[in-house]
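J.: This is what each chain is made of:
Number of protein chains: 2
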Amino acid sequence: MTTATTPTTNKRPEKFVYYFAEGVAEGNAGMKSTLGGKGANLAEMTAIGLPVPPGFTISTDICTSYYAEGGKLPEWVKPEVLKALSRVENNINKKFGDTKNPLLVSVRSGARASMPGMMDTILNLGLNDETVEGLAKSSNNPRFAWDSYRRFIQMYSDVVMGMNSSLLEVSLEDMKAEKNIHNDNDLTTDDLKKLVVKFKDMVKQMTGQNFPSDPFEQLWGAISAVFQSWNTPRAMTYRELHNIPLSWGTAVNIQSMVFGNMGDDSATGVAFTRDPSTGEKKFYGEFLINAQGEDVVAGIRTPQPISLLREAMPGPYKDLETSYQKLETYFKDMQDIEFTIEKNKLWMLQTRNGKRTAKASLQIACDMIDEKLITENEALLRIDPASLDQLLHPTLDPKTTKTLLAKGLPASPGGVCGEIVFTPEEAVELKEKGKKVILARIETSPEDIAGMVAAQGILTTRGGMTSHAAVVARGMGKCCVAGCSEVNIDYVSEQMKVKGYVLKKGDIITLDGGTGEVFLGEVKTIEPKLDGTFDRVMKMADQVRRLKVRTNADTPKDAQTARDFGAEGIGLCRTEHMFFGADRIDAVREMIVAETRSEREKALAKLLPMQRDDFYQLFKIMQGYPVTIRLLDPPLHEFVPHSEKDIEELAKRINYDPAKLKHKIGSLHEFNPMLGHRGCRLAITFPEIYNMQSRAIAEAVAQLTKEGMTLIPEIMIPLVATEKELQILRSQTVEVIEKVQKETGVKFEYQIGTMIELPRAAITAHEIAKYADFFSFGTNDLTQTTLGISRDDAGRFLGSYISEGIFAKDPFVSIDQVGVGTLVKTGVDLGRQTKNGLKVGVCGEHGGDPDSVEFFENINLDYVSCSPFRVPIARLAAARASLKRKARN
Amino acid sequence: MTTATTPTTNKRPEKFVYYFAEGVAEGNAGMKSTLGGKGANLAEMTAIGLPVPPGFTISTDICTSYYAEGGKLPEWVKPEVLKALSRVENNINKKFGDTKNPLLVSVRSGARASMPGMMDTILNLGLNDETVEGLAKSSNNPRFAWDSYRRFIQMYSDVVMGMNSSLLEVSLEDMKAEKNIHNDNDLTTDDLKKLVVKFKDMVKQMTGQNFPSDPFEQLWGAISAVFQSWNTPRAMTYRELHNIPLSWGTAVNIQSMVFGNMGDDSATGVAFTRDPSTGEKKFYGEFLINAQGEDVVAGIRTPQPISLLREAMPGPYKDLETSYQKLETYFKDMQDIEFTIEKNKLWMLQTRNGKRTAKASLQIACDMIDEKLITENEALLRIDPASLDQLLHPTLDPKTTKTLLAKGLPASPGGVCGEIVFTPEEAVELKEKGKKVILARIETSPEDIAGMVAAQGILTTRGGMTSHAAVVARGMGKCCVAGCSEVNIDYVSEQMKVKGYVLKKGDIITLDGGTGEVFLGEVKTIEPKLDGTFDRVMKMADQVRRLKVRTNADTPKDAQTARDFGAEGIGLCRTEHMFFGADRIDAVREMIVAETRSEREKALAKLLPMQRDDFYQLFKIMQGYPVTIRLLDPPLHEFVPHSEKDIEELAKRINYDPAKLKHKIGSLHEFNPMLGHRGCRLAITFPEIYNMQSRAIAEAVAQLTKEGMTLIPEIMIPLVATEKELQILRSQTVEVIEKVQKETGVKFEYQIGTMIELPRAAITAHEIAKYADFFSFGTNDLTQTTLGISRDDAGRFLGSYISEGIFAKDPFVSIDQVGVGTLVKTGVDLGRQTKNGLKVGVCGEHGGDPDSVEFFENINLDYVSCSPFRVPIARLAAARASLKRKARN
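If you read the protein sequences in the order shown, they are chains A and B.
For the first sequence, numbering that gives the first Met the number 0 gives the first residue as 0, with consecutive numbering after it.
For the second sequence, numbering that gives the first Met the number 0 gives the first residue as 0, with consecutive numbering after it.
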């Protein structure tokens with residue numbers, strides 16, 4: 000058995016305590032690996048002349064040493080810390096542990112990357128029964144002093160001594176109840192003194208230890224606690240999920256305290272240098288007079304907008320303005336800052352890049368380019384591609400109160416509401432009556448497409464992020480919550496149960512496809528608006544990306560949407576979706592149940608003109624951009640009805656013996672259809688199916704060529720495992736096309752390629768490439784086979800797999816780079832070994848995932864193809880991947 | 000598009016015509032690549048002094064030149080051929096094309112490897128309207144001469160001129176009808192003369208060409224036809240399937256004719272130097288007086304046993320005896336020979352190694368060792384391991400007349416008959432009444448095990464060579480015909496239809512599991528008998544093999560069988576098969592439908608003592624040999640009933656709400672169970688299942704250790720895709736075992752390893768090896784995922800795949816070396832990169848396939864594991880693989 004081991008290096012570094020005070024700092028913003036993010040920024044702020052409370056940072060190396068000593072602070076650390084501490088004392092003219100004018104400090108952790116689960120902060124360290132009196136005197140505010148002491152005991156006993164802090168909270172509440180007051184602020188100095196005594200008793204009782212009264216003991220304890228918090232189970236899990244090596248360690252920041260709660264000339268606040276919702280260039284934030292930082296967050300008193308600070312404290316406000324402008328210019332990004340004003344003097348406590356909405360992200364990036372703060376490339380690297388999704392779909396109004404019913408997977412974004420229906424037929428029917436409906440199904444199948452089109456959104460109780468419902472909905476840009484297993488749908492009684500609610504057909508619900516939430520009743524939605532910044536950023540992205548971006552689209556409508564979003568071709572047109580039209584599905588079924596080749600060909604002949612027209616329309620919209628058409632892929636049983644009643648009706652319509660039809664349909668059943676008689680296997684046994692499709696494509700191209708368009712169709716053979724399959728099917732396809740060319744007298748170029756979606760195909764890509772003009776990696780199926788996980792069945796365990804950290808992310812959402820990715824890379828390299836410069840793309844769902852796109856850039860794919868609404872995401876992700884790659888080289 | 004290209008080298012070789020006559024030959028048996036198999040053996044026979052009709056071989060190089068010239072015989076070939084031809088003329092004192100005493104020749108193809116689909120033979124070449132008269136005179140037998148001429152036109156027009164030869168056959172039959180005779184021999188000389196005229200007319204009519212009368216034109220035409228036949232579609236397909244390179248080419252053998260039909264002092268025959276059925280050292284064969292070779296095969300006259308030849312023609316017989324003994328001594332193997340006696344003079348026409356039964360194969364090999372003809376190692380290389388299957392199972396008596404009903408897949412060998420039953424319950428019931436039954440099912444599932452045990456044999460209409468029925472039956476050594484799709488089973492009416500027959504429950508059928516045939520009624524069977532040669536060969540094999548051979552066994556009975564066949568441990572014990580016992584299946588089901596962990600643990604506690612006893616028994620039989628136990632693998636829905644009625648009964652038995660039970664069972668449904676919630680995924684979500692099994696194993700080992708046995712159990716975690724899964728489950732298993740060791744006070748060694756059966760596991764084997772004490776490749780599942788083919792659904796297309804040459808062999812029977820094999824090799828190499836000398840085996844069905852075993856030897860596996868009845872095959876295959884490998888190095 001192996002458990003995570005702790006670092007073992009225990010070398011004393013040359014320097015490991017970095018002082019900062021009054022414009023001078025031993026560290027800087029570039030030293031994040033030594034000082035952590037917080038410490039590096041504190042040093043930088045100090046160095047650029049901002050008012051930062053003096054202090055010092057113990058470097059991350061000491062965290063390593065701490066563990067090497069078996070969880071003990073090495074003795075050689077202490078003298079250096081004390082030396083720095085006395086510099087602070089000299090600097091602000093207070094003394095640590097002094098009973099008259101005591102120096103109090105804060106102790107905070109700070110790793111290279113911000114990391115929840117680690118200890119955050121201990122304030123007011125240095126207080127004890129004697130120093131508290133000194134503070135009372137020096138501040139001339141005994142209540143403030145005792146309140147600080149009380150808070151310190153609460154924090155310290157919790158974080159350092161490992162006591163259950165709710166116990167102290169309870170006795171605080173008890174006292175308030177006893178005195179019949181509601182607000183902490185109404186406790187008197189005497190109350191607080193009593194509480195301190197009570198608290199120390201309880202600490203002794205619960206931990207068996209006296210609360211340390213020696214400020215130095217407090218200090219060493221707090222430092223050790225920071226290091227210890229680096230390796231708690233929660234922190235370990237987080238590190239593993241985010242690939243943060245154990246060896247990085249955390250730094251410790253020790254800083255003199257400043258107080259915003261020393262009277263009406265004191266205040267505390269948080270602010271953003273620009274509006275984080277809209278991106279508007281406007282100082283944005285809030286503050287509280289006579290308060291400590293935690294009071295702003297706790298929400299007991301309502302903070303005031305930052306603009307009012309200008310009138311309340313004009314001097315400190317002016318300093319704050321100068322400071323934030325300096326910071327933004329310096330860090331070249333919108334900053335999220337914390338500050339405190341102590342007796343009219345401004346202190347900057349923290350700065351970091353501010354979180355923002357997608358809209359703000361674009362606005363700020365564009366503004367900063369115009370302000371010449373950053374370059375276009377820097378701007379691109381600032382914008383999270385995944386966030387663009389927010390801009391393309393309606394969202395739920397955050398101001399509305401909502402009743403949460405359940406939470407499923409956020410399968411396709413958007414906020415929608417409508418009446419519940421349980422069948423696709425009803426969805427179509429109600430839609431025609433002008434109603435908005437939500438289609439609720441246990442799972443969806445290709446037969447449900449019409450209902451999915453008609454519905455506002457789709458809710459399923461089974462299936463994962465790449466289940467049929469999820470993939471199709473994303474393709475349509477339609478809201479979908481999938482795999483919502485808390486909801487129990489009963490088709491027979493036409494109702495669904497969830498958390499005690501029984502919802503009937505016609506009841507209204509609201510879906511949030513971006514979070515996977517399902518709400519009761521109607522929730523107001525906000526329509527998306529694309530402004531000029533979106534186009535501008537997209538154009539910038541297009542300038543730098545190498546990867547082409549295509550789309551997966553099966554209908555003229557999808558193709559048009561994708562073109563509008565900037566798709567440079569179709570990477571995957573799934574022809575089977577064309578088979579489900581009401582005008583043709585019965586012909587498809589006749590073909591399937593045919594007993595002989597000639598019967599099959601008769602049925603296929605009915606489909607030919609329709610397929611030809613499908614392709615004609617699609618090619619026309621794509622105006623000569625490449626279009627990759629995948630020949631029929633799914634197993635045939637997906638096209639036939641399975642209920643007794645439907646089979647009988649079909650038998651009547653196509654004039655077939657019902658018993659025989661039932662038997663025939665039964666015989667199509669497969670145990671593992673994913674691994675069954677599908678893809679090119681259909682064409683090996685029934686060559687006439689692909690021949691019809693190839694002919695439809697060729698005839699459409701011939702017609703368009705006559706009309707003056709130039710296009711090179713790409714015909715793609717799916718599910719190839721061996722070179723031989725492709726060899727046979729290629730030669731068959733060539734024969735059909737050459738025949739059409741002869742018949743029509745029109746010559747045109749064409750390409751025949753294959754999907755690489757089976758491990759064997761990737762491993763033998765050098766052989767397969769002999770017969771392929773291009774490769775397209777079908778990473779959905781490749782993920783299923785490489786991992787041996789059916790995406791439709793993964794729901795039952797994938798949750799545990801992600802929470803146990805077996806997968807960092809759902810491998811159907813973001814490609815498993817180590818496993819599936821290795822096979823893709825192998826396939827690309829082997830394919831190009833045989834054919835130098837072979838055109839290679841990807842058409843799985845991963846084509847629209849930013850991390851996956853970066854991977855595909857790095858292994859030299861030519862293009863990615865994704866659902867229409869993900870095209871902008873892919874464009875930006877591709878640009879960022881290009882920039883990062885150039886930066887590495 | 001690519002078509003097979005033809006060779007392009009056109010260099011004139013130094014020597015390309017090899018003469019042989021009267022004890023002198025320019026070639027020898029070692030020159031197969033130049034002279035082909037037939038030519039090389041003719042040269043050798045001549046050289047060792049056997050009477051071979053003089054002739055010469057045109058080397059395979061000329062085949063290459065022929066294609067390089069665009070399908071034309073290079074002019075420089077002809078003078079050399081004519082030179083050799085005139086040597087033949089001088090040698091036997093006849094002249095080619097001579098009207099008085101014409102030399103006639105045979106022209107035959109002969110590649111390095113015997114290859115059906117190529118031209119075989121043209122006899123009597125050199126005849127025309129003039130030379131036929133010379134032959135009539137010189138042979139003093141006009142009828143013989145004209146009959147030879149007639150035969151020659153038939154052969155030549157077919158093979159060389161590409162005419163549909165059935166047309167000539169028809170006019171021959173017309174003449175017989177007209178004359179009211181039944182036998183070709185009753186045609187008179189005049190009849191034959193008329194036929195010759197008629198034949199030549201028809202050739203002219205059908206081909207537009209005159210039948211060539213110039214013997215030299217005939218000769219060049221025949222030679223060209225041989226070369227041409229090297230590249231017919233049939234020959235190409237065969238070559239591709241058997242990896243015979245196009246460049247090998249074929250040789251042409253031209254030999255003076257000898258005639259067994261020149262009177263009662265002439266004869267023709269075929270013989271084996273030992274009995275090909277029993278191996279007995281006894282000259283064995285048959286002959287016909289006054290006949291040509293084709294007459295022996297045609298079966299118009301009944302040939303006589305060779306022993307009678309001694310009296311009929313004592314002189315030639317003595318020569319024959321000398322010849323065959325010389326041949327056997329020379330080739331050191333049993334020979335299959337063809338001879339002709341022309342006017343009391345013996346001529347040897349062909350010799351080759353004779354085909355034989357498995358029994359004969361062993362007998363001959365042992366006898367030849369004793370005769371010091373061959374070494375033990377040579378003997379091992381002579382015996383086809385796959386043929387041993389014949390020796391271990393009853394076979395159908397070949398002498399009985401049979402009515403074939405249908406042909407399925409030969410899933411598990413043996414010949415059995417019995418009454419048809421359609422349910423496992425009936426099988427058990429009738430078996431208890433002492434009846435023999437055949438269990439006929441559409442497919443089988445683990446629920447059918449009891450019925451499979453009770454039945455003589457199993458017939459299924461779906462599923463392939465590794466379907467459930469096939470795998471389980473092979474494991475039991477029980478006859479099984481699988482995937483017999485012609486048979487239509489209807490459970491409701493309790494009958495099956497096939498080819499117009501309607502068979503009801505209780506009707507008797509016979510299965511031949513070695514051929515996949517199903518016969519009507521009872522067919523007599525012959526019980527197998529193992530004699531001393533079997534043991535002797537096995538011991539010889541054990542001396543030379545490096546690979547260990549284990550068995551896949553789940554029950555003490557299987558384990559004992561395998562031990563008797565020489566298994567050196569259990570490579571795969573599938574614990575799920577232990578879950579189906581009548582005494583425990585309901586406890587298993589309680590565990591499955593449990594809502595909470597504690598309910599689940601309660602049900603598991605019932606199973607613990609039974610599982611412990613299972614393992615105790617198994618370990619005991621294996622007496623310290625290694626035993627690998629695979630923890631629970633299949634998806635849970637395999638253990639629960641699915642019919643309404645069965646669910647209700649179960650609900651009653653386990654005291655569960657029927658509606659809730661139905662819902663629970665329904666929720667276990669999976670779309671692709673093969674890729675679903677199974678294997679180690681079960682243990683990630685329900686750790687208590689594996690914990691119970693680990694405890695059962697540990698407690699059994701502790702008990703046996705107390706009893707004085709030493710054993711090291713190998714616990715195997717299935718379906719691992721990531722190192723993390725194994726890390727988690729390993730640590731959990733270690734914890735359980737250490738707890739049991741503490742409780743019992745017994746210390747023992749143990750190993751924890753994993754199955755590598757997913758592509759991702761093979762690719763990341765270096766990571767997985769960190770937590771594995773051993774690897775076992777599950778090549779069944781690895782084949783399914785690597786190729787993306789479900790073995791249970793492959794039936795619908797695998798047939799086409801094999802007949803189209805996409806797969807040379809069923810990849811579930813013989814490992815796909817290029818695809819799946821590459822992953823296995825990668826897994827082995829990566830695993831040992833992390834752990835030098837890591838123990839690695841294979842436990843898929845491939846472990847009992849000779850070709851696969853050779854592959855596993857070459858990639859350095861430590862052992863193979865196969866079903867008990869395949870253990871002898873694997874032992875021999877491993878020995879041969881070792882020998883071949885040594886010969887290469």
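No wet-lab data here; the hints were simulated from the structure.
Built from N, CA and C at the ideal position, the CB exists for glycine as well.
There may be inaccurate statements among the hints.
Derived CB-CB ranges, DEER-like [as the list claims (entries may be wrong)]:
no., chain 1, residue 1, chain 2, residue 2, range
1, A, Pro608, B, Thr206, 11 to 21 Å
2, A, Lys434, B, Lys503, 31 to 41 Å
3, A, Glu598, B, Lys496, 45 to 55 Å
4, A, Glu748, B, Pro640, 56 to 66 Å
5, A, Ala658, B, Pro640, 37 to 47 Å
6, A, Glu521, B, Lys738, 54 to 64 Å
J.: Hint by hint, say whether it matches the structure.
T.: Hint check:
1. Pro608(A) - Thr206(B): 11 to 21 Å: violated, 45 Å
2. Lys434(A) - Lys503(B): 31 to 41 Å: violated, 57 Å
3. Glu598(A) - Lys496(B): 45 to 55 Å: Given a distance of about 22 Å, which is not inside 45 to 55 Å, the answer is violated.
4. Glu748(A) - Pro640(B): 56 to 66 Å: This hint holds: roughly 59 Å between Cβ atoms.
5. Ala658(A) - Pro640(B): 37 to 47 Å: violated, 27 Å
6. Glu521(A) - Lys738(B): 54 to 64 Å: With Cβ atoms ~56 Å apart, the hint holds.
Checked against the numbered hints above, the structure breaks hints 1, 2, 3, 5 and satisfies the rest.
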